[in-house]
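Take the two lone chains and join them into the complex the hints point to.
Quick mapping for you: the protein sequence lines, in order, are chains A and B. Be aware that the first sequence starts at 9, since it is given in our numbering, and climbs by one per residue. Be aware that the second sequence starts at 560, since it is given in our numbering, and climbs by one per residue.
Because the hints were derived from the structure by calculation, they are not lab data.
Where chain A lies over chain B, by a calculated footprint (3+ residues, C-beta under 8 Å):
| # | stretch |
| --- | --- |
| 1 | 778-791 |
| 2 | 802-812 |
| 3 | 970-983 |
Which chain B residues stay away from chain A? Per the calculated CB distances, all over 10 Å, these:
| # | residue |
| --- | --- |
| 4 | 607 |
| 5 | 623 |
| 6 | 653 |
| 7 | 676 |
| 8 | 756 |
| 9 | 763 |
| 10 | 815 |
| 11 | 823 |
| 12 | 832 |
| 13 | 896 |
| 14 | 905 |
| 15 | 944 |
| 16 | 965 |
A virtual CB, placed ideally from N, CA and C, is assigned to each residue, including glycine.
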Amino acid sequence: MKPALAQAYDRLMDRAGTTALLAALADTGPGRTLPITDLLQAVSALGGPSRLGPLRDQLMALQPLLLRMDPGTDEEQVGFRHPEIAARARARRSDAGVTTGNDPHYAVADLWLLLDGEAEAGTEMREHLEECASCLETFAGLERLKLKVARCAGGEHAPPELRTRIVASVRQTVESAAGPTLPTSARRSSPGPP
Amino acid sequence: MSDRRALVIGTQCASLAGLSFLPQAARDLHEVLKDPALGDCHTAQLLLDPTVRELDAAVEDAVRTASDNEESLIIAIIGHGEYADEDFYVMAQDSSCPANSARAYLLAQRIKEAVREYSLLDGLILLLDTCHAGIGAAQAAQHWVRTIGAAGRRFEVLTASNERTASGGCFSRSLAAVLRKGHQDCGDRIRCSDLKPILTAACPHQTSQYLSFDGDRAVRYGDDASWLARNAARASSMPDRTTSAIVAELTRWYVPTPAFAGTVRRLTRRSRCVTVTGPGGSGKSTLLAALAAERLVDAVAFPAEADSPDLAATVLARQLTGSAPDAPTTVPALENLLRTLTGRRVRLAIDASPAASSIVPRLSAGPGLAHVQVVTAAEHEGDVVLGPAGRRELADYFRRRTVSQEEAASLIDTADGDWSVARALADLALREHA
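Just chain B, same shape as in the assembly (with noise of 0.2 Å):
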């Protein structure tokens, strides 16, 4: 299960101008794909100048293998691309002008039907580098959604939209770079979503487009789980699973607040707790979250509301150790590692729960403990206080969510200092106005 299957298409067409870059493109995107550290797909097929026919059969018999085992597909195609009327086609090795469906593939159309047919699919993805592009990818949005929508299915749509002949195969190139050697403004993996603006600002002659839909409608935010590569350049430095997507979780927008820089302050001063404090929703747990991101804290733990304080300690141990596989699993074994760790500060935070109110008070004053600085959340009573988000930083996050101006304007009122309310309230935007 969970397997994940590519096909790379790079296709030159006899009756028009050869393009340079392939089949280079092709190979190094196959290449990167099928890697098992990055793109980990378990088959991975090049198909190289194909005829229509043979780009059809291809085509075809991806989707009904991958739907057959229920995989992850990934669609890459570069090549040429004519339009007629609204209708896309790539042209194939024995493709000619002027285009139709009997001496071209009709993209959109034939993906349309094969998904329908073979509907097991667990994801969809299509990468287009082709001229008009973009075209094909406004026309797979309108024959596409209505279809796979009432199959209840997810995919997405990466294209380099150019209206030129020739676009120097950018899309493609910069594509492979980038999933081979990673890059710092994504997370752990790399998805079509993160793309749109680094290959935008890679290729600025052509435009990225970026389609989603989520098996009902089209969203203005991608599916986790349809990723292309891992990210070479963001190996987790958290050996806790759960920390680790938890702190990605909540920095993924994050807009720097004046508590933060308040925060890094008081941990300077060598304060030996501070207690970050504010209502619910005012980005307590934020706070944290952004310490970590920005390893300005050794470790860090958001405990449920059911945990034990062992278990919190015992998160906070793993990281400290890197997963050791003698690493303490209770609170006093804990205060034993951190009496050995001196010589540094040794900074942990840890969010408001049960656990926390155990813990915090025995790290923070304990024996042995006065290198150990901790940083804690509660709704009261606290050393550094979060008051509510104002305008502007709402204005910044609905901006880093891609919510446009117009909509922002009223979300601010409703979000009233609300981070949470906020948040909500742009996935619901980014959910319902795409």
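Next comes chain A alone, as it looks inside the complex (with noise of 0.2 Å):
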């Protein structure tokens, strides 16, 4: 990508509050949609906004980035408009993480690196994984909203049921994860850049 079609994207991506909708919204890859109804759960469960007129706020805020299928309804759809602004939001994903202080577990944008094979560490994460509860529940609740997402931007609609026990999992898992251990602060913001 050239540096200042990074440059401006980033910029556009630097809007405060947004952290969880770039995440969600990366992970539903290129040139996929999800329903704003997912969306919502997915940016709940990562601490983002849990109700719609917020979270229409968010899009707005990004909205030069985003294709929005029937915007204002409830069947409307979210996802990035071009496959190197999806590309793009997941690099600065990479490339930030969230700081957790001398909090000895992982933080949740280390997690997504790993979840994505992108981590520089991965061995090393993989280990401590094998020895930490709270960080494999973490990233087992990464993995499942991961694939929750996949599935709905690949046009699928997974059962109510399950629907309503995945987000619930995840977002136990990731309370629990970051309730006992890490700062408030970082629980609000986590995954992704600050």
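Have a look at this one:
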């Protein structure tokens, strides 16, 4: 990607509070879109808005980067408008990470990297996961979320019960992993760039 | 969820000259906003000739209810306006001059207070047709941007600006007419940002003013989710929503290039396969989308990296059959379908992708498919070469995006012939220099 393009995309993505939204969209895959209801659940599970109005506020803030079908309706679908934008969003997630101070656990952003096969210290991280139930749970939750997002983006819809179960599980996993060990600020902003 | 609510207020003022276009202009706008096929507001209230107190209560009630239900809210006000210094007042039935907040409706202040108190709105649109409404919009920008920006909420304002005391209701009448009939220059839905130039042309004695706030700052683009009505003039011809949205997105500010004409020429010469080639950012996908937008191809597909050839075939087949229930879902089935469509040329466009690499050779050279023409894209070895965007083309593009000439001059240099960079730079300019 040309530096001028990467820089422009970075500036368009630099909007406060949109970390969870960018993270959820980054996993829809190039050329894919998510139903607004599934996007809301995914973003909410990642610590972003849990109400439609605030989510759409963020969608407007990022609108130049997005493809929106039937916007403002229940049937709305959202994705990045170009594969290079999705690639840039994933790269930013890789670059940034969420700091957790002296916390011994891996940041959610680092676990996203591992999940994407982009973590530099992948072997070391996997060894840690074998010993750390907290990080393993978080990783498993992210994996389930990624699978769910991929399935939705592919046009298949999970049964409502499965959706509810997965979202509840992800939320519980993220919160339990973050709760006793991560500072509140990290919990609210993870994963992705600060 | 995603419900829409409207409040249309048409008000005469007993102490000022009567407005001949009321209440009809308000009724027309109310009708079109509540029409399920157009404005699709599940609740649309019409309030005629209210007192100041009634007007204030109605607006607050609408904001509160919309917030409680997390709905989008459209407020339209048609009537007399007055201003004192920078304060803009809507003159209600019992208002009198000189206006003050006790005997007239202090628009920006009261709506700001309502939105601050009831903050779960899913978008707010204010349509304002009063004399001196431009002052109201400017004031709204001053008063609201800080409050709603701090709350992270988005809203839009569209006004008829007219310093004369009788505007003739041109704005409201034209607005209702455009929303009812639709307009070719708009997309599938009509938005405030689309309407500014249309209403300016329809009402040359008034200046339409449009303000958009993205929840944090004023921006020079509209909120896709804040629409006023479905566009009756542009029912989508594509049964595939994703493809339709991609085509609309890619061709939104399309600047035709010589390569477009070259591709069309090759199609008319009956080339079975035309490959558009050029580096990333040269506009290959956009050219294919433009062919679809101009209905020069019968079906188009923009397969994602991971899409299978069968999925691409399904997308094409849906368009060819009008989404028939038994439309083909595999490449061989698509080939069979195409073999039945004899007697005319069938033109397909398939964007560069792994799926295209598999499907294009079969469709453009297969037996019994001599009547099929395929346009595709590739980075190398093509028939139509897309070079870097020229300075004149880029200048045209930035003008279409309403980027000022001064800004555009430096952006053209930075874009360096790359359409993707130009697009991103225009987006930034519209967001950061509103």
